[in-house]
Structures are given as C-alpha cells and as structure tokens.
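Chemist: As a plain string of letters, each chain reads:
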Amino acid sequence: MSPRAPLATAERVLRQLRRDPRTLALVLVVPPVLLTLFKYVFVDQPGTFDRIGGPLVGIFPFIVMFLITSIAMLRERTTGTLERLMTLPLSKLDLLLGYGIAFALLAAVQAAVASAVAFGLLGLDVAGPTWLVIALAVGNAILGMSLGLFASAFARTEFQAVQFMPALVFPQLLLCGLLAPRERMARVLEITSYAMPLTWAYDALARAVTERDPGVKVARDAAIVLGVALVSLGLAATTLRRRTP
Amino acid sequence: MTTAVPAVVVDGLRVVRGGSVVLDTISLRVQPGSVTGLLGPSGSGKTTLMRAIVGVQILAGGAVTVLGLPAGSPRLRSRLGYVTQAPSVYGDLTVHENLDYFAAVLGAPRARLDAAIDTVGLEQFADRVVRNLSGGQRSRVSLATALLGEPEVLVLDEPTVGLDPVLRRDLWDTFHALAGRGTTLLVSSHVMDEARRCDEIVLLRDGRILAGKAPAGLLAETGQTDLEAAFLALVER
Numbered sequence: 001m002s003p004r005a006p007l008a009t010a011e012r013v014l015r016q017l018r019r020d021p022r023t024l025a026l027v028l029v030v031p032p033v034l035l036t037l038f039k040y041v042f043v044d045q046p047g048t049f050d051r052i053g054g055p056l057v058g059i060f061p062f063i064v065m066f067l068i069t070s071i072a073m074l075r076e077r078t079t080g081t082l083e084r085l086m087t088l089p090l091s092k093l094d095l096l097l098g099y100g101i102a103f104a105l106l107a108a109v110q111a112a113v114a115s116a117v118a119f120g121l122l123g124l125d126v127a128g129p130t131w132l133v134i135a136l137a138v139g140n141a142i143l144g145m146s147l148g149l150f151a152s153a154f155a156r157t158e159f160q161a162v163q164f165m166p167a168l169v170f171p172q173l174l175l176c177g178l179l180a181p182r183e184r185m186a187r188v189l190e191i192t193s194y195a196m197p198l199t200w201a202y203d204a205l206a207r208a209v210t211e212r213d214p215g216v217k218v219a220r221d222a223a224i225v226l227g228v229a230l231v232s233l234g235l236a237a238t239t240l241r242r243r244t245p
Numbered sequence: 001m002t003t004a005v006p007a008v009v010v011d012g013l014r015v016v017r018g019g020s021v022v023l024d025t026i027s028l029r030v031q032p033g034s035v036t037g038l039l040g041p042s043g044s045g046k047t048t049l050m051r052a053i054v055g056v057q058i059l060a061g062g063a064v065t066v067l068g069l070p071a072g073s074p075r076l077r078s079r080l081g082y083v084t085q086a087p088s089v090y091g092d093l094t095v096h097e098n099l100d101y102f103a104a105v106l107g108a109p110r111a112r113l114d115a116a117i118d119t120v121g122l123e124q125f126a127d128r129v130v131r132n133l134s135g136g137q138r139s140r141v142s143l144a145t146a147l148l149g150e151p152e153v154l155v156l157d158e159p160t161v162g163l164d165p166v167l168r169r170d171l172w173d174t175f176h177a178l179a180g181r182g183t184t185l186l187v188s189s190h191v192m193d194e195a196r197r198c199d200e201i202v203l204l205r206d207g208r209i210l211a212g213k214a215p216a217g218l219l220a221e222t223g224q225t226d227l228e229a230a231f232l233a234l235v236e237r
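If you read the protein sequences in the order shown, they are chains A and B.
FYI, in my numbering the residues of the first sequence are 1 to 245.
FYI, in my numbering the residues of the second sequence are 1 to 237.
Looking at chain B on its own, in the form it has when it is part of the complex (with noise of 0.2 Å):
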C-alpha cells in the first residue's frame, strides 16, 4: 500500500492564524483508499490542517496537494468532500430538501438522496425540518450532503460527536465500507478509542505531529496496550 500514490501530500505546511503559529511546518501522506484518523486535544490544529487539504485555508508556507492537484483548485471541487465540524446545512429546510440542493449545486443525480439518507439512519427524519432535530441528527444531515457527490476524498471533522455508540458504530462500518471503494477518509476525532478503528493514525498537538502510524505500531512503539495511554507516552517523551 505505501507504494500507492498517495491521495493527500502536505509538504512543509504552514499556517499562522492572529500572530499565534497554528500548524508549524507540518508533512504527511494520505494513503487512497484508507482510513486516517487525525487526533489530538481541541486547539491541537486538527480542523486548521482539514481546511489546508480542502483548500479554505491561506498557508503562511508548504504546499497541501490532492489526488494531484493543488489544494482547493477548481477541478476538486466535485472530488471532495467536507464536513465541518458545525453542521453546516439550513436549520429552516427540511433533510430532503437540503440534499435536494446540495445535490443541485453538485449535479448529482437524485436517486442518490435516499442512499444518502439510508447510510446516515435518517430515513424517518427526511420530511422533518432540520431546526427541530437534535445536534447528532443535524451533524448526520451535514455528512449526507457530502455524500451525495460521491466524492474521491472525504474530509470529516468529528463527524460522531453526539452520536450514540451504536450509530458510532455504524458510521464507522459506513467509512470502512467507503474506503473499501476506493473512497480516501480523514476523520478528525477527540475520542482515542475511536482511533483504533482507523488505518492510519495521525497524532496532532500544538501544531505539530507527534507520530503517524498504523495503531498497532504505535502501540508497539510506546510499549503500551491501549491508544490514550500511547498518546500519553508520546506527549511526555
């Protein structure tokens, strides 16, 4: 697998937000086809190194490239996808209606509204405003909108934050399912138990990476049996 092209390559980058160093001249390759989890604690620079690979984000230096391309160039607009931490669909439109957008801007075809809708267990919800559902429902109404376009490089930031175990577990079942496509996914979580459901791992503190790696190998590495207590290990090395 790492003789693959990669899917993602950040090269040197950097990105100063207010005066306040935010990514310090960070690097990573993003395997295709693969899980990669990007953790660390809040402030750490997980969602600032999401916007650099979705190409919102104005680099102070180093280059982000995806599938090829730079970062945020015109022709990966219909090949990615984004979810922002904050649902970012129209509380006042019901979940059908926003993926009936969403799958306009995208041109999309409209058969996949219901699979959208299926995959992120929303199916009794699709004519209720999205006002009135709760925060874990909002989030799932925003991950549907991404999924619409089937897009090569899913970029998710926190996408289970509020959600039940169960509905946890099947999203992750859902990431699994897309990487075994061909789809590329960078999750962003909080949660270390989440991290060892993940191909990769990309470990992200103060701006900068403390290890990237499979979990077992960096269980093995840190001569400890769970994740928190690796990260931990890392942390204080």
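Chain A with its partners taken away, still in its complex shape (with noise of 0.2 Å):
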C-alpha cells in the first residue's frame, strides 16, 4: 500500500476544513471557553475543577470529531463524491486513513490549545504529565472520529446525524465517571458503563490527572480506546459500497 492516497485525502480533509474558518475557530475557542466557565461555576468547590478539567480537556476532542466527521461522511455521500471515488483506485482503508490523520492533527491543535489554557490561565492542576492528558485526548478524538464515521452510514440527512450525538455520546458522557463516580451507581449502570469506551478513556484520563506516575493502566485503557477505534473504523469500511441499488 502506497501512502500518497491516504496522504492526499488528508491534505484534501484539511484543505477543506481551512476554507471553513468559522468552524475551525468553534473548534479551538469553545473547550477553553467552556473550561472557564466550568471553573468559575465550581469556584466555591475546590477540587472539582481540578478532578473534571483534565478529563474533560481530553474528551472535547472525542465529541467535538464525532460532530464533524459524521457530517463530512454525510456530505461526501449526499454530493456523490463518495461515490466518484469507490470507482477510482482507491482503497477504502485509504480514504479513511486519511480521514483519521486529518482529524488526528486537528484534535491534537484542539487539546494543545484548551490545555495551554487550562493549565497556563486558568491554574489547572494535575499530578501527571501534561503530553500525557494531549496524547489520550488525540487517542479520544480517533475514537470520535470512527465512532461518527460508522454512525454517518445510517443517517440520510444532516439533521440526523446531528441526533446521533446526544444518542450515541450522552450516554457514555453520563455513565463514564466524569460527573458521578461508577461504583455509586445501580449495579447494571455500573456494569454497563464498561462495555462503552468512553469510559475506558475517561479512566485513563483520570489516572493520569490523578497520579503522579500514572504507567500500565493508563497504557491497559488507551488500548481499549484505540481497539474499539480500529473495529469501528472496520465497521465503518463495510459501510462505504462500491455497488449501490
């Protein structure tokens, strides 16, 4: 496999994505915006931002690339550049790939700017190594990404890939720690929370926000993410058809 074409659908993704500044700005202004909001509402509680800012610093990427995926698969279906291009040599796997190392790049600009922010004004305090927090939230964002690619294949309309996103992302948002921890949940939440990565990343966000020398779990946790990220990405290359009714 040559990696010009996985390598020209990135630059493509990426060119795309530059003719869009707006979008662009929402995704680098809205996860520092809404840390400073998160801050100052718990000012009366130390502790909370620190316990729900790192984590969440790596999860806006997961939600923020499940959006924008989803909708640019959408597009290319509905403008039948989709279809233009599984009659060309291309393989699917390359037109995914490139998907990923576009949105990859962007997520890791995303969590490098909301973490200057946090870290840098906003006084967040880990115990663990920053790169760290950057590298799970890039981690998140190829999770987010496969996610919307596989979820975009059963949306016929924008408007309903929007709906994915609080069906698909709510629930894990709810059920991975970030807002109650697992244990104090009903049992079946609790044992339902583990079959959704989300939590998996989450844990692994946790831990490196928590521990000063976080190692082998967190290691454990981002392969779970990365696992379900490259099944998803296999359902998602089942969806894309070369033959159509």
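Since the hints were made in silico from the structure, they are not lab data.
Treat the hints with care, since some could be wrong.
Chain B stretches covered by chain A per the calculated footprint, using a threshold of three residues with CB under 8 Å from any CB of chain A [said to hold, decoys possible]:
| hint | region |
| --- | --- |
| 1 | 42-56 |
| 2 | 71-84 |
| 3 | 101-110 |
Even glycine gets a Cβ: it sits at the ideal position worked out from N, Cα and C.
If you follow the hints, you should be able to join the two separate chains into one complex; please do so.
Modeler: Put into structure tokens, the structure is as follows:
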C-alpha cells in the first residue's frame, strides 16, 4: 500500500476545513471557553475543577470529532463524491486513513490550545504529565472520529446525523464516571459503563490527572480505546459500498 | 469497425430498483474508439445503464463486460472514467485543488492538470472555489477530473447540460478528438440534436432499447429528416 492516497486525502480534508474558518474557530475556542465557565461555576468547591477539568480537556476532541466526521462523511455521500471515489483506484482504507490523519492533527491542535488555557491561564493542577493528557485527547479524537464515520452510514440527512450525538455520546458521558463515580451507580449501570469506550477513555484521563506516575494501567485503557476505534473503523469500511441499488 | 472487439458488452441486463423494473433485459455493444450517444427521455434508464457499465449498480440479471473484464473489476478503476450528472466535486475547494486531489488518487502526473483545465475551458477559473462557480462550470470541473487519468473508456452522464452552444460544440469536438486517439465514449443526453454528433446512437425508452445504430441509418429506417421525428416515429410504431 502506498501512502500517497491517504496523505492526499488528509491534505484534501484539511484544505476543506481551512475554507471553513468559522468551524475551525469554534473547534479551537469553544473548549477553553467551556473550561473557563467550569472553573467559575465551581469556584466555591475547591478541587472540583481540578478533578473534572483535566479529563474534559481530553473528552472535548471525542465529542467534536464525532460530530464533524459524521457530517463530513454524510456530505461525501450526498454530494456524490463518495460514489466517484469508489469508482477510482482508492481503497476504503486509504479514504478512512486519510480522514483519520486529518482529524487527529486537528484534535492535537484543539487539545494543545485547551491545555494551554487550562494549565496556563486557569491554573488547572494535575498530578501526571500534561503531554499525556494531550496524547490521550488525540486517541479519544480518533475514537470519536471512527464512531462518527460508522454512525454517518445510518443517517440520511444532516438532521439525523446531529441527533446521533445525544443518542450515542451523551449516555457515555453520563456513565463514564466524569459526573458521578461509577461505583456509586446502580449495579446495572456500572456494568453497562464497562461496555462503553468512553469509560476507558475517562479512566485513562482520570489516572493521568490524579496519579503522579500513571504507567501501565493508562496504557491498558488507551489500548482498549484504540482497539474500539479500530473495530469501528473496520465497521465503517463495510458501510462504504462500491455497488449500490 | 464492426469486426473489432467491443469495448463494452451488455448482455441481457436487468435492473430492478424499489420493486420496479428500470432496465428490462437489454443488450448492446459499444465499439472502441467511438462516440456512442445514449438518448431518451428522463426516466428512461440512461443513468442506470451507465451506472451498470461503470460497475456501481447492483444488477438483477445479465452481465456487463468492459474491456474484456466484468464491470466493476478493481483493474478497471484506473481504465474507466465516470462523470455523474450532478457534478461530484468538492464545492469548498478550488478547481485546481479538486484536480490536484483526484490526480493524486489516480496517480496521474501533475502535468495533466493544466491540460485538463484547458480542455474544459476553465483556465481563468483555476483558483476559484467551485461552490462560487455556475452550474455549467461546476459540471466542467467534474468532467476535467475524469480526464486526468486518460481513461480508455469515458462514461459521461449529460455532460453538456447548462452549457452555451459554443462550449457545447467545443466539448463535442473534444469528445471526437478523444475518440480519434482510441478512447471509447458513452455520452448520454436528452437533447436530440446532439445525437447527430454521435457515431452511433442508442435510443432508450422505459428501460428498453428502441433502436441502436448510426444516425443516418436511423433516419433512413424511419423515413424522417431529423432525429427528433425519427425518435417519435419509433415510439409510436
């Protein structure tokens, strides 16, 4: 396999994003604004911002990339460019890898900006290394992107695609442990939470935030996140059809 | 010419979509290095037939062979160019950026970009964002991307819709120049006066082939002087 096609695809996706400066601005500005809001909402509860802020830096890219990729792929379907690409010597993997590279880069910038604001301006204090929070954020972005690419196959319109966000992302946010500790949830919810990839993503982030030397367990959690991302990329590939009715 | 190995062979093709028969057991042969016009009213099955030849259509029966290979074979992807009726290019990229991307996917040399832009007459618009171009200009961008790979077979779905007469004439000249170099072209249209510019025409109606022969032969057979009348004569026969 030659890297030419995936790299060209990544470059094309990034050029498209550059033509949409408002989207880029929102991707970069919204997380720091929300983090600032969080800090001052919980200003009376010391420790809360430190507990939630760190993981949030790593979870924003998951949410945003899920939305952006599901709509971007839906557009490829509805404008006929996907059908054209499927008639060209481009493998499905080339296309999905191209998307992966482009959005991972965007996620890295997003997480770096959010971290700079959180750690630099807002005084967020975490025990582990900041680079780990950014690296986990990029991993979570890849997870969000793969789930978004897969989900987009089930949306006919952009209205439907947008609804997949609350349908697939919100339950994971509620159960992952960010808002309430999982061990205090009803048993059935606690067990369900282990089947959700965001739970593992959150655990890795929580370890990076609270443990000075997070080590092996973070690696395990991150491996689970990337494993789920790969599986859903595989599922997304099966939804790209060369022949249609 | 009839002794040459056909570039496209359609044999007993049937396509059923949503429970209704779109193409009803049609057969056809396209000679290499020719321009074949696919004509018929909208809804007659032109696009479906083209999709079957490109290999993106799920078939209910029959077989389609392109350059000796089953339609849709991976090896055909670099040898066949397809331009859909709605321009399938990226509206948020410039003309040049679109061609740049498709050239990279096709593995075509960059030198062909300018030639393709010239062929469709978009030199002054190369750095314009496609979204801001007119409908006819957008469909020419789509056509240019298909020319990049210098395919042996070009399938063009209504490439001249929305174009002014001068540009339409120029494009037809281009089609014949390509055919002169050995490219096989299949061009659909619902404008009958484009039919006379084809080496061979296939008239399609309600998923069946009414006639398939050279324009002159069709006029002689129906005893008409223009193709529009010949088509009507065939329909009412």
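Chemist: Could you tell me which of the hints above the structure violates, numbers in ascending order?
Modeler: none
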